[in-house]
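Given only the sequences and the hints, what does the whole structure look like? Please build it.
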Amino acid sequence: MERNSNEARRSATGTFLTLIKIVLADAPVLFSIIFLSVGIVHGLSFAVTTPLMQRLFDSVEQAVISGSGVSGVVLAAFMMVLTIILCQVLNGFHNFLGNAYRLLLSGSMRGRINCKAARLSPILYENPDTLNLINQANEGANYAIDIFDASLSLTVFYLPYFVFMFIYLYLLEPVLAASLLLIFVPLALSQLVRHFAFAQLEDEIAPLRRENEYWRTCIGNKETRLLGAFGYFRSLFSQSLQLLNAATWRAEKQSGLAELAMQTLTLCGYISVIWLFVDALLKGRISVGAFAAVFASIDLMFAIMHEVVCGRIGGLARCFGPARNFMKFLDLQERGGICQTKDTSGIRLKNVSFSYPNAAIDSLQNVDLEIARGEIIAVVGENGAGKSTLVKLALGLYEPTAGVVEQAGLDTRVADMSSLFTGVSAVFQNFQRYKMTLQENVTVSSPQAADRAIEPLLGKTGLSADDNVFPSGNATMLSREFDGVELSGGQWQRVAIARGLYRAHDIIVLDEPTAAIDPVEEANLYRQFAAIAAGKTAIIVTHRLGSAKIADRIIVLDGGRVIETGTHDELIARNGKYAEMYSAQAKWYVKDNEKERATNGF
Amino acid sequence: MGITAKCAALGRLPVFYALKLIFSISRLQPLLIIAQKLLSGLMPMLQVLAVAKFIDSALAVAAKTAPVQAVLWPLGAIGAIMLYSQLAEKLVYFARVRLVNRLRARLGERLLEKYAELAWKNLENTETADLIARVMKEPEQRLISLFEQLTGAIALVITIVSLVSIIIAQAWWAGLIIVAVSTPLFWLAIKSGKANYEADRITTKYRRRYEYLGEVLAGRDAVDERTLFGYSGALNKVWKENFEIARKIIFRAQLIWFAKMKTGGLIASVVLLLIIFALLPAVVDKEISVGMFIALVNAVFSLVQRLTWELTWYVDEIIRGREYITDMMAFYKLEETAGAAAPPATNVPAFEKLEFLNVSFSYPGTERQILHQLSFAIERGKHYAFVGLNGAGKTTITKLITGLYNDFDGQILLNGRPIREYDQRQLKALCAVAWQDFARYQISFADNLYLGNVNTALSSETDSVAQALATLDLQDVVATLPDGMQTQLGKIREKGVDLSGGQWQRLALARFMLNPASLRILDEPTAALDPVSESNLYEKFEHISRGRSTIFISHRLGSTKLADHIFVIDNGSIAEEGSHDQLMEQAGIYYGLYESQRGWYQ
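Chains P and A supply the protein sequences, listed in that same order.
Residue numbers for the first sequence follow this note's numbering, so the first one is 1 and each next one is one higher.
Residue numbers for the second sequence follow this note's numbering, so the first one is 1 and each next one is one higher.
Calculated directly from the structure, the hints in this document are not laboratory data.
Think of the CB as a built atom: it goes at the ideal place given N, C-alpha and C, for glycine as much as any other residue.
Some clues are possibly wrong.
[What the hints assert, rightly or not] In silico contact screen, one side only, chain P against chain A (beta carbon under 7 Å); selected entries:
no.	residue
1	I20
2	P28
3	Q88
4	A118
5	V156
6	K435
What follows is the structure, given as structure tokens:
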């Protein structure tokens with residue numbers, strides 16, 4: 001227990017220190033200095049108003065009692081109003097600078113996140129824990145900035161204000177300084193109560209709200225509409241609304257009553273402070289001016305203290321968790337590795353097993369596979385057989401859990417990413433639809449040599465920039481969101497193929513590259529693949545078994561194991577899984593008079 | 001213009017529309033809130049009177065011209081005002097919660113009903129879909145905050161007016177000067193608040209862009225391509241550029257915003273100065289008491305801070321709220337389709353014949369013609385197939401038959417009557433669709449099935465249910481579920497069980513089977529399946545659909561062979577039609593498509 005709390009403390013201070021280091025590294029010095037100075041002056045300007053006001057009121061009282069004229073009063077009035085004006089200007093300026101500062105920091109932190117993400121191993125995105133860290137990094141960065149911002153405001157703005165007020169009140173009458181405590185204690189207490197009252201409130205309501213939102217989306221589904229199922233979902237919607245309302249009322253009533261109690265407490269603090277001053281006034285220990293000036297400032301003191309206790313400190317507790325996650329994200333293990341040079345060999349998997357993080361079973365088990373330089377391999381198998389996992393291991397994106405993967409002579413667990421991925425390209429199953437121009441969508445695969453023409457590749461994949469699909473040619477933005485055009489699934493797939501081919505490669509992986517393309521074009525594309533891949537190592541993952549015939553060798557995966565390998569003819573002859581799958585597909589395309597023969601044949 | 005006409009015109013103003021809406025849902029609670037706000041607007045004036053009295057009596061006590069008891073009642077009044085200011089809001093808070101709950105329930109349901117009745121095009125058009133999403137997102141919060149900003153702004157005006165009237169009562173000429181000087185200044189301040197949106201609009205474009213790039217640079221979706229292609233460095237530069245552009249625009253905009261906001265505070269400071277100087281001679285001449293002078297200065301001083309933030313905030317928020325109400329009014333004006341939300345009609349003649357006569361169609365707001373002079377006829381009891389390349393308009397045909405869209409050119413005749421003469425209830429009863437993007441309702445397994453026929457009470461004992469389960473091999477799935485047919489599916493509710501993709505698909509098809517409609521359309525419901533599972537399914541469907549009218553839509557030709565009549569769609573019209581054998585003999589497009597797919601299996 002002891003150790004745990006120590007650890008928590010250490011990591012909180014650790015979080016804070018790392019944060020300071022990052023900010024010091026990223027924030028411009030001059031800007032920081034200006035920001036800090038404005039903060040201090042701003043805090044003091046608020047505080048100074050009170051004694052200046054006292055001076056004004058005292059001089060007015062003097063003038064009235066002694067009839068000494070208004071010249072002293074005019075000076076005091078001028079000074080006070082000028083301070084208030086200054087105070088307003090500083091208030092605006094300080095808040096403005098604060099926003100600008102936050103934005104600046106937010107930019108540099110997000111830049112850090114982007115750079116960090118580039119050095120992470122892709123497998124971290126398959127692990128729910130690390131994925132969570134990554135997904136929340138941006139949000140965490142904002143919280144980290146909040147913490148920094150809050151601590152900065154506490155030290156440069158609030159602290160000077162309260163120190164000044166303390167001294168002022170103490171000088172007026174030592175006991176009056178206690179009023180700061182009378183303001184602080186009820187607020188701090190109510191903050192504590194609020195913390196407990198609200199803790200489970202959101203937890204209870206969030207699922208109900210999500211449910212209610214879900215029923216609404218059901219009603220916006222065309223199937224619901226055509227089934228006439230509106231009534232069904234409407235009653236679910238209404239029920240969940242009622243539950244939501246009941247839960248909201250319960251929670252709000254509870255917290256509302258707590259708040260009411262706390263407000264009463266604050267009121268007591270308020271009245272005690274006023275009583276202190278009334279008492280001092282009636283006993284003649286402070287002047288009417290001092291009383292009135294402080295009376296005018298009580299609201300402000302409460303407001304500022306409220307901001308400190310409830311806004312800043314209360315907010316800090318909420319911020320530390322996410323901010324720590326941000327730090328953890330920055331500390332995530334990077335892929336690293338050694339810079340090595342490739343030789344001319346192919347790809348070799350030796351007794352490779354692989355399981356995804358937190359997965360109970362291996363996605364691949366004891367896979368042995370050797371792909372020679374220049375060989376074309378087809379990988380087939382049912383959904384979930386491990387095809388995509390296999391190619392990601394062969395590419396070196398994932399490192400094997402057991403066994404060794406060698407790609408062009410480099411052990412994928414030893415070499416660094418830039419050595420590994422030189423001369424390697426791919427068209428992934430979940431290829432990206434970049435909201436960028438056509439040109440950028442293709443050349444993005446080759447950031448080092450992005451100035452080559454893309455037209456030849458577009459032609460090969462059946463796209464043409466002159467087409468009326470691309471009103472601005474290569475510069476056409478491929479996203480309606482950014483004022484461009486929307487492509488069909490098939491067109492996108494061709495763009496993805498062109499992208500994969502644009503990158504200089506000796507090894508290429510095509511993972512279901514034609515799923516969204518119609519049959520005639522598909523046939524053409526596979527012929528193109530065969531031509532393009534000539535002399536290069538290629539792995540093609542495909543559902544359409546017929547297309548596997550262009551490969552030199554076919555690998556059949558089932559349940560994470562390689563169960564058959566061989567040429568198309570060999571596998572048909574073996575009459576195993578491949579033959580079974582093939583005949584199931586082929587029977588649709590056998591001419592009627594051949595049907596009988598074909599079904600008997602296998 | 002008569003009074004009623006005037007009222008109607010007023011009702012078209014967003015702010016009045018909102019008030020009308022709120023009062024149509026609840027009366028007591030909004031009245032309570034208004035009463036509390038208005039009273040709180042009067043509090044500063046009452047406080048001035050009490051404080052003035054208190055200070056004057058305290059001075060009298062000090063000068064020994066009055067007994068100590070004289071301070072008691074003003075002190076009591078100050079206490080009462082404080083009590084009200086601190087507690088009234090918290091008490092009215094309960095009324096607010098009630099009001100929000102009512103708005104959530106009533107308004108939520110009203111909007112939902114309108115949503116369900118909307119013409120389908122509104123849900124698929126990006127612009128109207130955005131509008132709908134904006135309007136339906138927490139409408140109760142938007143309304144209540146508009147309501148509070150309005151009442152808050154009125155309270156602020158009351159505060160200002162009541163304070164000025166005190167000043168006028170004390171020295172009318174001083175009051176007049178203040179009103180004369182400050183009115184145009186405040187008008188300016190309010191006016192400038194309206195300009196704040198411009199910068200926000202400009203930066204949105206850049207913000208969306210860098211947010212998107214940030215997603216590519218650190219998100220999960222792009223991780224494979226990002227890692228393999230190594231474009232992070234290059235893309236991060238583009239990200240930085242976009243971020244910096246947005247940052248600089250925001251920086252400038254905020255500078256202007258803060259400057260404008262603070263003009264309110266500066267104006268108030270100047271007014272404060274004016275008040276002091278205007279009242280000084282009167283104080284010294286004892287026309288105004290010292291207490292009144294001090295109390296007024298105090299009141300105006302506390303107004304300074306409120307005016308800068310609150311005034312701008314009210315103006316901003318009310319504008320935002322007004323935009324929301326304008327959206328809501330536009331939402332209510334969206335076109336509806338009669339019967340869109342209703343269950344299928346029960347007394348509909350069976351399907352006999354469907355004819356498309358020279359039908360042309362393009363989606364609203366787009367230029368591309370999806371269907372072009374399309375003509376075909378479908379008769380009862382036969383199987384039809386629509387084949388064609390991606391983007392040829394196959395799914396659009398389904399949307400026209402089901403009446404989701406009806407703004408086409410040409411004629412569609414259903415059983416000899418124009419389809420536009422049918423209302424949605426009848427069309428729902430006439431045709432059933434299995435969509436490619438079928439619904440995965442997160443409700444019980446049983447309800448998922450029963451929604452297929454909402455007009456009939458079904459149970460697991462019903463023959464048709466048993467048959468559907470058997471046909472799609474779903475009994476095994478039901479057997480593995482913890483609560484059998486009653487098991488909640490999906491993650492929306494606690495204890496929900498998720499199905500695999502293939503299981504969901506079979507469930508959707510079973511639901512489709514239960515639909516009693518006499519025309520059945522299968523719109524590529526198997527696109528996500530691997531080819532073996534797909535071919536099995538089609539065979540089954542051919543079997544169970546004997547005697548019914550069926551339309552298969554697919555780009556995988558093998559399965560469409562089962563149809564009696566095949567339509568080949570090319571560029572939005574029928575290019576070829578006939579039986580499989582006829583089309584093969586024609587040696588046209590179909591022959592080419594079929595041969596190219598068959599080619600893989602020879």
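Evaluated hints:
no., hint, result
1, I20, "violated, 22 Å"
2, P28, "violated, 13 Å"
3, Q88, "holds, 4 Å"
4, A118, "holds, 3 Å"
5, V156, "violated, 19 Å"
6, K435, "holds, 6 Å"
The structure fails hints 1, 2 and 5 (numbered hints given earlier, in ascending order).
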